[in-house]
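K.L.:
Those protein sequence lines, which keep their order, are chains A, B and C. Take the first sequence: its letter number 180 is residue 180 in the numbering used here, and every next letter is one higher. Take the second sequence: its letter number 296 is residue 296 in the numbering used here, and every next letter is one higher. Take the third sequence: its letter number 330 is residue 330 in the numbering used here, and every next letter is one higher.
Hint data in this document are derived by calculation from the structure and do not stem from the laboratory. Possibly wrong hints are sitting among the right ones.
Put simply, identical chains are the same to the list, so a pair is met inside one copy or across any two.
For lysine-lysine, the following PhoX-like pairs were computed, each having C-alpha atoms within a straight-line distance of at most 20 Å [to be verified]:
hint, residue 1, residue 2
1, K192, K312
2, K312, K32
3, K43, K240
4, K325, K311
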Amino acid sequence: VKLSEIAAQLGAELLGDGNLDISSAAAIESAKPDQITFLANDKYAKFLPETRAGAVILKEKPADSTHNYLIHSEPYYAFARSLRFFYPLPQTSLTAGTASSAVIAADARVPESVHVGDFVQIGAGSAIGKNSKIMANCVIGRNCAIGDNCLIYPNVTIYDETIIGNNVSIHAGTVIGSDGYGYALYQGEHFKVLQIGRVRIEDDVEIGANTTVDRAALGETVIGKGTKIDNLVQVAHNVKIGKGSLLVSQSGVSGSTTLGEYVILAGQAGLVGHITVGDRTIVGAQAGVGHNLEADKIYGGSPAREFRNWKKLEAHFARLPERMKELKELRRKVDELAAQLSRLESEK
Amino acid sequence: VKLSEIAAQLGAELLGDGNLDISSAAAIESAKPDQITFLANDKYAKFLPETRAGAVILKEKPADSTHNYLIHSEPYYAFARSLRFFYPLPQTSLTAGTASSAVIAADARVPESVHVGDFVQIGAGSAIGKNSKIMANCVIGRNCAIGDNCLIYPNVTIYDETIIGNNVSIHAGTVIGSDGYGYALYQGEHFKVLQIGRVRIEDDVEIGANTTVDRAALGETVIGKGTKIDNLVQVAHNVKIGKGSLLVSQSGVSGSTTLGEYVILAGQAGLVGHITVGDRTIVGAQAGVGHNLEADKIYGGSPAREFRNWKKLEAHFARLPERMKELKELRRKVDELAAQLSRLESEK
Amino acid sequence: VKLSEIAAQLGAELLGDGNLDISSAAAIESAKPDQITFLANDKYAKFLPETRAGAVILKEKPADSTHNYLIHSEPYYAFARSLRFFYPLPQTSLTAGTASSAVIAADARVPESVHVGDFVQIGAGSAIGKNSKIMANCVIGRNCAIGDNCLIYPNVTIYDETIIGNNVSIHAGTVIGSDGYGYALYQGEHFKVLQIGRVRIEDDVEIGANTTVDRAALGETVIGKGTKIDNLVQVAHNVKIGKGSLLVSQSGVSGSTTLGEYVILAGQAGLVGHITVGDRTIVGAQAGVGHNLEADKIYGGSPAREFRNWKKLEAHFARLPERMKELKELRRKVDELAAQLSRLESEK
């Protein structure tokens, strides 16, 4: 693809040789002369002078003209878009049609455009939308509705009654709709609370591998439109997640907690149940949240505090040995002063 | 179902219209006039005055008679029991019989009452108890014994020699009996320690989705009767868990650690290996436990401390900026006093 | 097996009856007279005097001759080797040949010595090395290369283009090669960054159950030779792990982070992305690492600090109530001194 064409399609400003033919993409430290790359994270700026890349996408015009540049306000996004010129979407290799080994209930609706892999089971009353790909060894329960253009990777389990929108991707090993963790302790026994509700996943959601999303006890567990969930994340029963949120790997949300829009939970963050997190709020890695969080704030630590406050406390924590030494010296000094003073008084 | 009948079966005191017909159950904020609900968590008390529920289960008699009430010492338990009037158990829809695609070893014992789903494999020498349901794509190894009335959800893997009691439920994607993590470092290589032992799961245990329970190196990993384990929990080799314990999502127990009865590990709590946790002890969310814990105590923090002590330390931590400012001022004051005192002495 | 023969093969010094016949192995507290055991962890030394074991492997010659002893510089390693005399490797029971239910692409290369279990799918262009065992319900994508003598346990998913060396074991439910978590936020949408790279796993790696290893965005995610990964671990895209490292259960490594050789991540430890961990460095349980770590060091805490420093800070933290009381008393004392001093001055 000619660099000028890439620039035009990305809406980027081209500095350099538009006739250059770009054939693929690579990271800045390993890119070759026929590859495009980008620079968005300052940690990698050191690789810029010597990169052999055919073109580099940058945020701002550089002083030099050593390389061919594409200037775009969001270099990472522009790079992500450029990948689509060179690489097929993963679904393109999965042809329409149902593997002969798949077991599909007589009344399940599976359009011809759908790919159903080997050893897939689709339960009674379920419906799959057009062009979706259900890969090998997936188990889809009864009365599920899965939208159009979904990608369900191998070994995924989707329990009965789950509702999934369009353009949803679910990676291998993930479980959607398993029973919420609900028991009532009575006379020494944990009596199981039937989990009657369901899971509803809105459009454009992506869920990583080996993640778990529990069905609601009553009502719905909801994953909002465009939310992206990483691997090994726990979403408990009756959780509601707003649109565009990000739940990074190994984070966990306890039952009945509600997340706003564009919330970010960093890796291994944990939230207790029955709380609310405001829109656009960021919860730092390994943070432990025990109460409602306001919108548009950043939190860190376990127990979680507003980020700036937490950082300040951590700085004080780090200086404790020094400060406690000062305290000790101060005590000694005060004792001396007291002695001095009482000498003075007695001499009076 | 008439409300009076529900009251009678739950052993609850009825305040209101016993002839009301209840057809299902719902949460207090969304319940309709033909639905029963409950109030157990104070956070939801605000919904009581305006709930449209046909009946509300409460712990204590209310002052008003706005709604129909059922009074029970354990409202959540009573509600959980009431669900059984309206909703079938999940196993009822799974009919007895073996899917033609399942591969069952010639000498495996699978009674006619058992449901075996599609693409299930059951290994040589294994036995399944009556009325158990082994759902699609499960793999059960050799010489396993699974009891009566078990529910094994799809895509579960049970390794060779695993022993499972009666009324055990295991959710999708969970792995029971995988090798413990044991290596002996010798001359730069991690030499694998064969994991010869097995897993034994007692009656009435429920295990969530994508959890892992490792086989013992030697001997047994044991999950005690009535213990309930959530999603994405790690139970390492040779762990022993007493009866009635609760392991919440993403908690982890390292090798050879022993938990007593009715122990609770909250979400993301972690325990090192080779320690003991006393009966009825609660380990808080994200707590990190490095030593034995006494019975009947609550612990929090990482490293874990007794809860009250931890809370006290956290309160001091939160006041560090203020206290360190005081320390600084005190230093200034002491310096002033010292100066004042030496002036006084010199003037003498 | 005669104890003298075991001693000879292990290169251990024999103290006692070499003619004793040993038939199996057990833990020190439960071993019987025909079993061998070992003592490596001081916590178990209390069991030594009364063990009924036929032989005990010890590091140093004991004063007594109560039992038969084998003396070896590495008792745990020697014990691990002794297990191989009594117990078959897990793969021995899996015969060569392909289950009739398996679906193998026409151009996939699967030698006759390979075991392919029921309901396995192997994609186009993939190759399996000799004597490898691919167990039931595994899904192996296209253009994968798996080496010799590998053990792939049931329900494992291996995405397209994954490269796996020789003698690699992967436990049930694990996912290799799922998409890395990469999105570019643009005008309110998380635009998916195609994950073009792959996973490469070197020889002698073992990976536990329900672990996830993401494919690289570009280039490779690499697990170095002899590295051992536990259950429920997250390895993100473009992570590079050096040889001989240990990643304990529920630990997580974020994108593009590089671990050296023989690094240890203890349970639930978490590392941010784009950092480097030096060779032989140990990261403690639940530690949270936000910056590069030097080689040959031990780190603990969240945020992680050098272990000794962290322990010191924790000790100060634990003494805060006492110290803050001292601070308060000191303030009172200083106030008294000030009052005393001003009395003195006024009396002058």
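K.L.:
Confirm or reject each hint.
P.N.:
Tested hints:
Taking CA atoms no more than 20 Å apart as the test, K192 paired with K312 passes in neither setting, with 45 Å inside one copy and 36 Å between copies. In this assembly of identical chains, the alpha carbons of K312 and K32 never lie at most 20 Å apart, being 45 Å within a copy and 50 Å across copies at closest. When the C-alpha separation of K43 and K240 is checked against a cutoff of 20 Å, the pair qualifies only between copies, where the shortest distance is 17 Å, while the shortest distance within a copy is 36 Å. Within a single copy, K325 and K311 get their C-alpha atoms only as close as 22 Å, which misses the 20 Å cut-off; across copies the closest is 17 Å, which meets it.
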